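Just so you know, the sequences run in chain order L and E. Count along the first sequence from 1, add 2, and you get the number used in my numbering. Count along the second sequence from 1, add 2, and you get the number used in my numbering.
The reader is advised that the hints may include incorrect statements.
Since the list gives no way to pick out one identical chain from another, each pair is judged satisfied if it fits inside one copy or across any two copies.
As the list claims (entries may be wrong) - The calculated DSS-like cross-link candidates involving lysine-lysine, where the alpha carbons are at most 25 Å apart (straight line), are:
id : residue 1 : residue 2
1  : K195      : K229
2  : K20       : K195
3  : K35       : K229
4  : K35       : K222
5  : K222      : K20
By construction, these hints were calculated from the structure, which means they are not laboratory data. If you're wondering where the values come from, they're calculated on a predicted model, not measured in any experiment.
Number of protein chains: 2
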Amino acid sequence: MDRSSSRGIPQEPAEPPKTAAALVIGDEILSGKVEEANVAALARMLRGLGVLLRRVVVVMDDVETIAREVRELSRTHDWLFTSGGVGPTHDDVTVEAVARAFGVPVVSSAEMEAMLRAHYRERVTEGHLRMALVPQGAALEVTNEITWPTIRLSNTWLLPGIPEVFRMKLPVVATYLAATAAPAFVSRAVYVKMDEGELKPLLDRVVGTFPDVSVGSYPKWFDAAYKTKLTFDGRDDARVLAARDAFLGLLPVGEPQRTE
Amino acid sequence: MDRSSSRGIPQEPAEPPKTAAALVIGDEILSGKVEEANVAALARMLRGLGVLLRRVVVVMDDVETIAREVRELSRTHDWLFTSGGVGPTHDDVTVEAVARAFGVPVVSSAEMEAMLRAHYRERVTEGHLRMALVPQGAALEVTNEITWPTIRLSNTWLLPGIPEVFRMKLPVVATYLAATAAPAFVSRAVYVKMDEGELKPLLDRVVGTFPDVSVGSYPKWFDAAYKTKLTFDGRDDARVLAARDAFLGLLPVGEPQRTE
Chain L
3 MDRSSSRGIP
13 QEPAEPPKTA
23 AALVIGDEIL
33 SGKVEEANVA
43 ALARMLRGLG
53 VLLRRVVVVM
63 DDVETIAREV
73 RELSRTHDWL
83 FTSGGVGPTH
93 DDVTVEAVAR
103 AFGVPVVSSA
113 EMEAMLRAHY
123 RERVTEGHLR
133 MALVPQGAAL
143 EVTNEITWPT
153 IRLSNTWLLP
163 GIPEVFRMKL
173 PVVATYLAAT
183 AAPAFVSRAV
193 YVKMDEGELK
203 PLLDRVVGTF
213 PDVSVGSYPK
223 WFDAAYKTKL
233 TFDGRDDARV
243 LAARDAFLGL
253 LPVGEPQRTE
Chain E
3 MDRSSSRGIP
13 QEPAEPPKTA
23 AALVIGDEIL
33 SGKVEEANVA
43 ALARMLRGLG
53 VLLRRVVVVM
63 DDVETIAREV
73 RELSRTHDWL
83 FTSGGVGPTH
93 DDVTVEAVAR
103 AFGVPVVSSA
113 EMEAMLRAHY
123 RERVTEGHLR
133 MALVPQGAAL
143 EVTNEITWPT
153 IRLSNTWLLP
163 GIPEVFRMKL
173 PVVATYLAAT
183 AAPAFVSRAV
193 YVKMDEGELK
203 PLLDRVVGTF
213 PDVSVGSYPK
223 WFDAAYKTKL
233 TFDGRDDARV
243 LAARDAFLGL
253 LPVGEPQRTE
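Looking at chain L on its own, in the form it has when it is part of the complex (with noise of 0.2 Å):
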């Protein structure tokens, strides 16, 4: 991820990053039953695109609770994207939550409809054609690929969640967000054997003059290489190996550290 080609030179003006918030859907992660497995390859992705995950909100299967948390997420950021109940069961009600956030109906594609009458033919049922069910007006969003197309309504995406084919649906999201991203973040780490009470004093300070540079610090407990990782990132890399060379400049004589 780091790109230091850009020290030195002049940079544009930066538009503020876009926002991003997740909403993940599933009584079984609520229970323990299955581990959530989807939010970081999620912020993996917009991470590298320049986009700011800000809030992840975990809800049970319930449309009314799912439609008041698209309503809420969808307005106070660029982007929205939902993960899992887009199957055919009982428990699968997240289109009909979105479509009711939005306040339109939930109409089936016909586009969809005929892919799954090609897939299943004869075999097909009324649970099978429940996957063509949208919210009215949805965008169908395909990449050359991925021809099984994921839902877009405005800015919020309806992404499955069986984490097998979340990460076959990211191709297809990325490609629609590449064209509108800002910059992406540069990250610098700096492996110490301090502690954070020790590494504080010096911790404010780099702060304290690099208010563009988020400086992140990570103890490790069960680790005999080092004790804290320092993590600097922003979206200049100029400024980012300012930070972490003022940090570097404010250890200890001796202090044993590794820089990446």
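Add chain E to chain L, keeping to what the hints say.
Same frame as chain L, now just chain E:
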């Protein structure tokens, strides 16, 4: 988790289950640098105690955002668990945010300060001592085995973000909650080779007949052994078993299935 001993034994009228929410604090989760690893462990523990985890929210390291969320989630659930942001550095703002949410000041706990001074001795720094800061009025929960205090303010527990330490704290929470919790859930499962489209009419009938049993359906895409896992959950094992058996009775003759 299954408890078949309650079959046929008359149940006392159940009080409604206690509810819980989790608030995960951390830019590192939202940026995709670190995978969230605490919610599933918390969810499983709560489920074993019969507590219903109803909502999870992930937010950035921002005091006002966290405070607003703590205020809302602690008001609308029996229990709230925060994860992360309790270390000594500038991005650890959870104690301050919880205090603000409850309208109390942050104070240094004499008990925790003494423990920190005893541990670090002459190496103790201002950063270390920040770990003694608590919202005024907080209880310090311990067990015989886990003597470093876990901070609880009213119905809100402040848990650390580091997964190994988070897990060490769960027994303290479980001990406290066990006294007040409702009976645990029981869970049954059936694995079939039918897909969700074919299963829908069968499931709809079971859902209609057993409103007190939660029926879940989880397609597995890349497994030769089965295509869909059905789960049947509730507080009364007799009802859960009856719902499962009603479903089995609806399957076509010869449909391969496995139950558990």
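Hint by hint, here is what the structure shows:
1. K195 / K229: within (5 Å within a copy, 49 Å between copies)
2. K20 / K195: neither (36 Å within a copy, 43 Å between copies)
3. K35 / K229: between (33 Å within a copy, 17 Å between copies)
4. K35 / K222: Between copies, since 14 Å is at most 25 Å while 28 Å is not.
5. K222 / K20: neither (32 Å within a copy, 34 Å between copies)
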